[in-house]
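Put chain B on the given structure of chain A with help from the hints.
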Amino acid sequence: MRTTERAATAPHGRTTGAGRLLITVYAIFAVSATARAGYQIATQFADAPVAYLLSAFAAVVYIVATIALAKPGHRWALVATAAICVELLGVLVVGALSVFDPAAFPHATVWSMFGRGYGFVPLLLPIIGLIWLYRHRDAK
Amino acid sequence: MTVDGWFIAGAIVGVASTIVCFVAAVMKKKPNDITILALAAVELFILVYAVASAIRLAGPGSLVGEAWEFWGYMFTAAMLPVAGFYWAMMERTHWSNYVMGAVGVTVAVMVARMAQIWYGTAAQMPAAAHALLPLQLGLGL
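Residue numbers (the working numbering), protein chains in the order written: chain A, 1 to 140; chain B, 1 to 141.
Next comes chain A alone, as it looks inside the complex:
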């Protein structure tokens, strides 16, 4: 009862309020990562198949995270947490590899150089996302 009353006055849930801004930013990244991966694969796939498959993988992760963040319910929260953990792992591993072994990643992906090409938002986004999910975790 208390939760429904609160929802009527000011939204406090995972998919409301500031959560909708988080979903917006994830959606922008889902669209841009998908467009980028699609473009790379359509025009220059033979140049660097691994990097471009990684771009496509990043795009899928952003799409899953966006949908899971937007859907209410415990299961979707778990899906969102898993997707965002993969995203964080991806940006850290790819970011580190691109810094210490640039030869392995001559072609840019969203996560190269910790997302420098995107103003480091790809590095901040999963951290903010996980904090958001933790603060709105289920009591059960």
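Accuracy of the hints is not assured; some may be wrong.
No more than 20 Å apart at the CA atoms, straight line, and that leaves these computed lysine to any residue pairs for SDA-like [as the list claims (entries may be wrong)]:
hint, chain 1, residue 1, chain 2, residue 2
1, B, 29, A, 71
2, B, 28, A, 16
3, B, 30, A, 71
4, A, 71, B, 91
5, B, 28, A, 71
6, A, 71, B, 89
7, B, 30, A, 18
8, B, 29, B, 40
9, A, 71, B, 93
10, B, 28, A, 18
11, A, 71, B, 87
12, A, 71, B, 92
13, B, 30, A, 16
14, B, 30, A, 13
Far from chain B, by Cβ distances over 10 Å, these chain A residues were calculated [claimed, not checked]:
hint, residue
15, 27
16, 31
17, 39
18, 53
19, 63
20, 76
21, 90
22, 92
23, 102
24, 103
25, 123
26, 134
27, 138
The hints are simulated quantities; they were obtained by calculation from the structure and are not laboratory data. Everything numeric in this text was worked out from a predicted model, so none of it was measured. Think of the CB as a built atom: it goes at the ideal place given N, C-alpha and C, for glycine as much as any other residue.
Same frame as chain A, now just chain B:
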């Protein structure tokens, strides 16, 4: 990237729209006429830019990059204010203004990328525009 009037106008409209929406959000205001008009200005700019680009290309204008890439950006940029408005209006809180504010700056970055496609990345560019380059969204270099 050559900085032309279209890029300057797009950057000003986009960033100004973001500032208006963010200021309203910080003031804990729900979306009002001012922030919605700020978002509409972004849409209006993209529509004018699209029509003008079509006219320029129909005439002696030239596009260095790929046409489908340019128009892909144009279409996405035109959809962003619509999607942002829809998403913001589904739940009208002061957070909706942050959502609408995210549109303007994104479109500004996309207009920068469109200028690159139009003139080619090899074209000369002022030092100030170099600072913007790392922020480009989407299709990369």
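Results for each hint:
1. B:29 - A:71: Roughly 26 Å between the alpha carbons, so the hint for residue 29 (chain B) and residue 71 (chain A) is violated.
2. B:28 - A:16: Since the Cα atoms of residue 28 (chain B) and residue 16 (chain A) sit roughly 15 Å apart, the hinted pair holds (cutoff 20 Å).
3. B:30 - A:71: violated (23 Å)
4. A:71 - B:91: holds (15 Å)
5. B:28 - A:71: violated (25 Å)
6. A:71 - B:89: holds (17 Å)
7. B:30 - A:18: With Cα atoms ~13 Å apart, residue 30 (chain B) and residue 18 (chain A) stay inside 20 Å; holds.
8. B:29 - B:40: With Cα atoms ~18 Å apart, residue 29 (chain B) and residue 40 (chain B) stay inside 20 Å; holds.
9. A:71 - B:93: Between residue 71 (chain A) and residue 93 (chain B) the Cα gap is close to 19 Å, so the pair holds against 20 Å.
10. B:28 - A:18: holds (12 Å)
11. A:71 - B:87: holds (14 Å)
12. A:71 - B:92: holds (18 Å)
13. B:30 - A:16: Judged against 20 Å, a Cα distance of about 14 Å means the pair holds.
14. B:30 - A:13: Roughly 18 Å between the alpha carbons, so the hint for residue 30 (chain B) and residue 13 (chain A) holds.
15. 27: Residue 27 (chain A) not clear of chain B: closest Cβ-Cβ about 8 Å, inside 10 Å.
16. 31: Since the minimum Cβ distance to chain B is about 7 Å, residue 31 (chain A) lies within 10 Å and the statement is violated.
17. 39: violated (5 Å)
18. 53: For residue 53 (chain A), whose nearest Cβ neighbour in chain B is about 15 Å away, the distance exceeds 10 Å, so it holds.
19. 63: holds (15 Å)
20. 76: holds (17 Å)
21. 90: The claim stands: residue 90 (chain A) keeps its Cβ more than 10 Å from every Cβ of chain B (closest is about 17 Å).
22. 92: holds (19 Å)
23. 102: The assertion about residue 102 (chain A) holds, with a minimum of 15 Å to chain B.
24. 103: holds (18 Å)
25. 123: holds (13 Å)
26. 134: At roughly 19 Å from the nearest Cβ of chain B, residue 134 (chain A) sits farther out than 10 Å, so the non-interface label holds.
27. 138: holds (21 Å)
Against the hints set out earlier in the document, violations occur for numbers 1, 3, 5, 15, 16 and 17.
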